[in-house]
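The residues making up each chain are set out below.
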Amino acid sequence: MRRYGLLAVAALVGGAGVLWAASPVPSAKAPAIPQRIVSINLCADQLVLALADREQIAGLTKNATDPEMSGEAVKARGIALLSNSAEQILAIEPDLIVGMPASRSAALAALPKQNYPLLDLATANTLNEIHASIRETAAAVGHPERGAALIARMEGELAGLPKPGKGRVAAYYQRRGYMTGTGTLIDELMTRLGLVNLAGQLGKPPLSQLSLEEMVAAEPDFLIVESATDVVTDQGSEMLHHPAIKDIPRISIPQAWTVCGSPAYTAAARSMAAQIARIDRGRS
Amino acid sequence: MSRFALPRWSLIAALSLLTLVAAVGSLLFGAVDLSVARLVAAATGEDDRVAAIILFDLRLPRTLLALAVGAMLGLAGAALQGYLRNPLAEPSVLGTSNAAALGGVAALYFGIAELHPVMLPLLATGGALLSLALLFILSGKAESPLTLILAGIAVGTLAVAGTSLALNLSPNPFAAMEIMTWLLGSLENRSFDHVWIALPCIAAGAMMLLWNGRALDALTLGEDAAQALGTDLRRTRLRLLVGTAIGVGGAVAVSGAIGFVGLIVPHLIRPLTDRSPSAILLPSAIGGAALLTLADLGVRIIPTTNELKLGVVTAFLGVPVFLLHLMRERRLW
Numbered sequence: 014m015r016r017y018g019l020l021a022v023a024a025l026v027g028g029a030g031v032l033w034a035a036s037p038v039p040s041a042k043a044p045a046i047p048q049r050i051v052s053i054n055l056c057a058d059q060l061v062l063a064l065a066d067r068e069q070i071a072g073l074t075k076n077a078t079d080p081e082m083s084g085e086a087v088k089a090r091g092i093a094l095l096s097n098s099a100e101q102i103l104a105i106e107p108d109l110i111v112g113m114p115a116s117r118s119a120a121l122a123a124l125p126k127q128n129y130p131l132l133d134l135a136t137a138n139t140l141n142e143i144h145a146s147i148r149e150t151a152a153a154v155g156h157p158e159r160g161a162a163l164i165a166r167m168e169g170e171l172a173g174l175p176k177p178g179k180g181r182v183a184a185y186y187q188r189r190g191y192m193t194g195t196g197t198l199i200d201e202l203m204t205r206l207g208l209v210n211l212a213g214q215l216g217k218p219p220l221s222q223l224s225l226e227e228m229v230a231a232e233p234d235f236l237i238v239e240s241a242t243d244v245v246t247d248q249g250s251e252m253l254h255h256p257a258i259k260d261i262p263r264i265s266i267p268q269a270w271t272v273c274g275s276p277a278y279t280a281a282a283r284s285m286a287a288q289i290a291r292i293d294r295g296r297s
Numbered sequence: 200m201s202r203f204a205l206p207r208w209s210l211i212a213a214l215s216l217l218t219l220v221a222a223v224g225s226l227l228f229g230a231v232d233l234s235v236a237r238l239v240a241a242a243t244g245e246d247d248r249v250a251a252i253i254l255f256d257l258r259l260p261r262t263l264l265a266l267a268v269g270a271m272l273g274l275a276g277a278a279l280q281g282y283l284r285n286p287l288a289e290p291s292v293l294g295t296s297n298a299a300a301l302g303g304v305a306a307l308y309f310g311i312a313e314l315h316p317v318m319l320p321l322l323a324t325g326g327a328l329l330s331l332a333l334l335f336i337l338s339g340k341a342e343s344p345l346t347l348i349l350a351g352i353a354v355g356t357l358a359v360a361g362t363s364l365a366l367n368l369s370p371n372p373f374a375a376m377e378i379m380t381w382l383l384g385s386l387e388n389r390s391f392d393h394v395w396i397a398l399p400c401i402a403a404g405a406m407m408l409l410w411n412g413r414a415l416d417a418l419t420l421g422e423d424a425a426q427a428l429g430t431d432l433r434r435t436r437l438r439l440l441v442g443t444a445i446g447v448g449g450a451v452a453v454s455g456a457i458g459f460v461g462l463i464v465p466h467l468i469r470p471l472t473d474r475s476p477s478a479i480l481l482p483s484a485i486g487g488a489a490l491l492t493l494a495d496l497g498v499r500i501i502p503t504t505n506e507l508k509l510g511v512v513t514a515f516l517g518v519p520v521f522l523l524h525l526m527r528e529r530r531l532w
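Each protein sequence line maps, in turn, to chains X and Y. Take the first sequence: its position 24, counting from 1, is numbered 37 in our numbering, and each next residue is one higher. Take the second sequence: its position 16, counting from 1, is numbered 215 in our numbering, and each next residue is one higher.
Derived from the structure by calculation, the hints contain no laboratory data. Mixed in with the good hints, there may be bad ones.
Stated by the list, open to error - Just a few of them, taken from the derived set where beta-carbon distance is under 8 Å, the chain X residues facing chain Y: (1) GLY216; (2) PRO219; (3) ASP247; (4) MET252; (5) SER284; (6) GLN288.
Said to hold, decoys possible - Some chain Y residues well away from chain X (every beta-carbon gap over 10 Å; in silico): (7) LEU349; (8) ILE352; (9) PHE391; (10) TRP395; (11) ILE500; (12) LEU507; (13) ALA514; (14) PRO519.
Don't be surprised by glycine CBs; every beta carbon is placed ideally from N, CA and C.
Taking the hints into account, I'd like the entire structure generated from these sequences.
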């Protein structure tokens with residue numbers, strides 16, 4: 014795989030340490046199927062869980078079983094959760110470490126000899142990048158056919174998806190008024206559904222803070238919120254329930270589906286489309 | 200009699216005018232530039248949805264809270280300074296505000312506030328009351344006014360630590376940001392729900408404190424003389440404790456612990472009066488309302504990427520006053 018080689022070079026040039034100095038660079042084409050996979054990133058957790066056999070996985074991050082954070086939380090139950098400490102990784106002696114990227118992990122840098130095979134995944138902000146991550150992970154865990162099947166399934170789920178947005182404006186509004194901007198997975202989801210991202214209209218960076226006043230003045234057609242903020246648990250989520258914005262129609266999706274570029278992308282897209290359709294039906 | 204003393208009514212009128220100006224300013228300025236004409240049109244019932252929501256749902260509750268919380272803090276500072284005969288006494292220096300914040304945090308983050316709306320101000324008041332009781336026990340009958348301040352620091356530090364601990368223990372992954380709001384105070388994103396929580400508490404607390412004027416005047420002659428003049432010291436103390444706790448508790452429950460308002464205002468007001476404790480009570484309340492409303496206007500106007508916390512502004516205003524009086528006390532060390 015082309016990207017694999019490039020990453021190895023990049024890691025060497027980047028001074029992250031000699032990664033595969035002792036062992037030959039593992040070829041993605043003919044890997045000995047790894048049996049002690051460790052994931053050191055929440056997003057990598059989900060890909061590994063979706064593509065590797067359970068027996069192959071030796072450790073995941075501590076948030077892997079949190080249904081609020083991970084779309085594959087149920088599958089993660091029972092698998093060892095690591096607190097990203099070098100000691101735990103050392104004890105497992107993994108034969109594949111998956112991270113985002115793995116080579117820049119502080120825990121790995123602390124290990125005396127970094128000769129574990131690493132898989133560096135890039136942050137996926139588009140569907141194509143999600144597909145690339147799936148392909149890379151599937152190949153690295155020794156099941157490339159599962160990757161192809163998963164991608165085909167996702168394509169199928171997205172195939173008939175309507176574009177109910179019709180150019181209307183939506184804002185992804187988070188606790189304390191943080192708003193997600195362009196160049197993000199959320200932004201791509203909005204575009205896919207025919208919505209226009211308010212942050213893009215206002216020329217805001219990928220993450221910006223918008224006060225309630227500004228939100229009221231901007232008059233978006235939809236607010237997209239994390240379903241975790243549907244109930245008020247603290248001051249941060251209380252803000253999203255302020256009477257001033259209660260009349261703006263809401264689309265609520267679990268953070269677990271969108272925090273990572275993961276197979277849950279299709280679930281997010283379908284849920285958003287269904288919610289827009291429901292809001293439109295309610296209006297007519 | 201101070202050189203600058205004004206007739207009482209003219210002082211109150213001038214302060215009221217200042218407060219009115221601050222309140223109008225607070226309604227006119229915000230994150231979104233709205234013309235005065237548009238705001239007036241929205242206020243007089245013209246159909247302008249955006250302006251109406253911004254004015255009535257966002258700026259009006261915020262302004263009312265700034266006025267009420269500021270008045271309460273100013274009044275509590277004046278009353279505590281009078282009763283304790285200590286120029287540094289005020290709710291935040293004595294740890295009362297932070298203890299109230301601890302009560303509020305406990306109510307909100309462990310789901311107690313969901314049981315009934317009254318639980319939030321109740322727990323905040325409880326926290327404030329507990330801290331004041333602890334403070335009076337700790338400082339006892341000590342001669343030096345600094346003993347009281349040191350006891351206040353101990354109580355306040357304990358409350359801050361308790362707040363952080365409570366938030367860290369609560370099942371909330373965003374604890375750090377929440378801690379900051381509670382410790383520095385903010386009136387951002389408040390709604391009328393918060394006004395209805397705070398206002399009854401503040402009204403009740405303020406009444407109890409304003410009632411104490413005569414007793415406070417008598418106390419300037421010392422406790423024995425005050426008793427000889429017919430002051431019921433126990434009743435006075437009880438009214439002061441409970442009034443401060445309810446008022447500050449209700450205020451902090453919605454705004455977080457905003458520091459130094461109660462310290463600054465009485466010191467600004469005192470030279471303009473005959474310096475008797477009773478004379479500064481009401482003017483301190485009005486002045487506190489003006490000061491906090493202006494400070495809250497400041498955090499909105501100062502261009503920062505994230506809105507400044509109110510406590511930041513009041514600390515910059517208050518710490519010099521605090522230091523000035525600390526220096527004067529030095530001869531007692």
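Hints, one by one, checked against the model:
| no. | hint | verdict |
| --- | --- | --- |
| 1 | GLY216 | 15 Å, violated |
| 2 | PRO219 | 14 Å, violated |
| 3 | ASP247 | 5 Å, holds |
| 4 | MET252 | 4 Å, holds |
| 5 | SER284 | 23 Å, violated |
| 6 | GLN288 | 24 Å, violated |
| 7 | LEU349 | 32 Å, holds |
| 8 | ILE352 | 26 Å, holds |
| 9 | PHE391 | 7 Å, violated |
| 10 | TRP395 | 12 Å, holds |
| 11 | ILE500 | 13 Å, holds |
| 12 | LEU507 | 13 Å, holds |
| 13 | ALA514 | 20 Å, holds |
| 14 | PRO519 | 30 Å, holds |
Hint violations for this structure: numbers 1, 2, 5, 6 and 9, all remaining hints satisfied.
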